[in-house]
Structures are given as structure tokens and as C-alpha cells.
Amino acid sequence: MRMIFKYKKILTKMNSENLIRRYVITGSRRLSNYWWASVVFLGAIGFLFTGLSSYFGQNLLPFLQVQNITFFPQGLVMSFYGILGILLSIYLWLTIIWNVGGGFNEFNKKDGTIRIFRWGFPGKVRCIDISYSLKEVEAIKVDFKQGVNPQRTLYLRIKGKREIPLSQIGQPLTVEEVEKQAAELAKFLQVSVEGL
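At position 4 of the sequence shown the residue is numbered 4 (the UniProt record's numbering), and the sequence of numbers has no breaks.
Misleading hints may appear alongside valid ones.
Stated by the list, open to error - Mimicking DSS-like on lysine-lysine, the simulated pairs with C-alpha atoms at most 25 angstroms apart in a straight line are:
{"id": "1", "residue 1": "Lys145", "residue 2": "Lys110"}
{"id": "2", "residue 1": "Lys110", "residue 2": "Lys141"}
{"id": "3", "residue 1": "Lys145", "residue 2": "Lys109"}
{"id": "4", "residue 1": "Lys124", "residue 2": "Lys109"}
{"id": "5", "residue 1": "Lys180", "residue 2": "Lys124"}
{"id": "6", "residue 1": "Lys141", "residue 2": "Lys159"}
{"id": "7", "residue 1": "Lys109", "residue 2": "Lys180"}
{"id": "8", "residue 1": "Lys124", "residue 2": "Lys187"}
{"id": "9", "residue 1": "Lys161", "residue 2": "Lys135"}
{"id": "10", "residue 1": "Lys109", "residue 2": "Lys141"}
{"id": "11", "residue 1": "Lys124", "residue 2": "Lys141"}
Said to hold, decoys possible - Have a look at the derived ranges for each label pair, beta carbon to beta carbon:
{"id": "12", "residue 1": "Gln67", "residue 2": "Phe121", "range": "42 to 50 angstroms"}
{"id": "13", "residue 1": "Asn99", "residue 2": "Glu194", "range": "30 to 38 angstroms"}
{"id": "14", "residue 1": "Pro62", "residue 2": "Ile20", "range": "56 to 64 angstroms"}
{"id": "15", "residue 1": "Ile128", "residue 2": "Gly160", "range": "46 to 54 angstroms"}
No lab work stands behind these hints: they were computed from the structure.
We put the CB at the ideal spot given by N, CA and C, even for glycine.
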């Protein structure tokens, strides 16, 4: 647990000449994902064992009392929910193992490049590695969406191309943190900030 918080604090790495700036993106290896994958797995095992206990007519776990549960329909439905829960927890654990969404944003004045790297699901495009020249950057855009699920996102606006999101997904930053990060990045890249 200490490692996760320590890792999260190191958002920016700069070399001694301040020519390279790297922002680490956490991805799916967050404490909340570990929590939900574990809770879903344990709950699903409970549902599956309850359904199987009602089918066999005996308690598979010592703390389960299934005498009042008939297999059809309650035991069957609980077994079905247990299987679905186990499949969902396997999916969650695989995203954690593969670190889907994790990566970094690197701004390199030394080479004059911007590199955006993210891990994805296994397949043809396991990793996304995008590079642009610093000369192509028009601005840093800040987007605030209020409501039930507020979103505060930083975008890199490239000339003639779409806006590339730079923020992490899942853990919204405060308005002050977004403004500070946008100002630091715009100052480093010597471009303007839009949306403030």
C-alpha cells in the first residue's frame, strides 16, 4: 500500500537540465481496482457455493445453511450469478496484471519530441506509442465538465489533428491541480492554455 502512494506522488520526473519532463499515468493498477476485483471474486464464490450446496443438498462451506434454498429456481440463479461474478473478477484481475491504461507522457526538449505511451489489452495493438514534434503543438486545452460525474481533462492540441487526452482516467483531479499542471506544461512547452 505504501508503494502505491509513493508511486503516485512521483508524477513528474525531470532531468538535471530540465529538458525532459515525464508524467507517469497509473492505469488500472489502482488500489480501488484491487479492492473491487477481490470483493467481486469473494462474493461470486459465495454465490456459486450456495447454488452448488442447494444442488447437492449439503453445505459445502461450514458457515452456509442452505436447507431452505431449493435448487430450482434460487440455487440455479445463484450459481449463474456466481459464474458471472467469477468471469467479471477474472476480467478485472487481467486488466490489473496487464496494466491496461498505464504508461507515460514524455515531453523532450532535447530531442524536440512528445511521446505518449499507453498499455492496452493483448493483441495486435498491445501498446499505443504516439510521437509528435514539439513544433506541432498548438496549445494545452483544459476541459471542465460539471455534473454527477465531473470530469477535468487536459488535452494536447496538435496542429491539424485531434486533441490528445493527457489526464488519467478514473481519479479526477481537483480544479487547482488541473490548472497547476496545465500552467506548468504550457510554460515548459511555451504554448498557450485554453479553457481556463
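Do the hints match the structure? See the list:
no.: 1; hint: Lys145 with Lys110; result: violated, 35 angstroms
no.: 2; hint: Lys110 with Lys141; result: holds, 24 angstroms
no.: 3; hint: Lys145 with Lys109; result: violated, 32 angstroms
no.: 4; hint: Lys124 with Lys109; result: violated, 31 angstroms
no.: 5; hint: Lys180 with Lys124; result: violated, 37 angstroms
no.: 6; hint: Lys141 with Lys159; result: holds, 13 angstroms
no.: 7; hint: Lys109 with Lys180; result: holds, 20 angstroms
no.: 8; hint: Lys124 with Lys187; result: violated, 37 angstroms
no.: 9; hint: Lys161 with Lys135; result: holds, 13 angstroms
no.: 10; hint: Lys109 with Lys141; result: holds, 20 angstroms
no.: 11; hint: Lys124 with Lys141; result: violated, 31 angstroms
no.: 12; hint: Gln67 with Phe121: 42 to 50 angstroms; result: holds, 44 angstroms
no.: 13; hint: Asn99 with Glu194: 30 to 38 angstroms; result: holds, 31 angstroms
no.: 14; hint: Pro62 with Ile20: 56 to 64 angstroms; result: holds, 58 angstroms
no.: 15; hint: Ile128 with Gly160: 46 to 54 angstroms; result: violated, 20 angstroms
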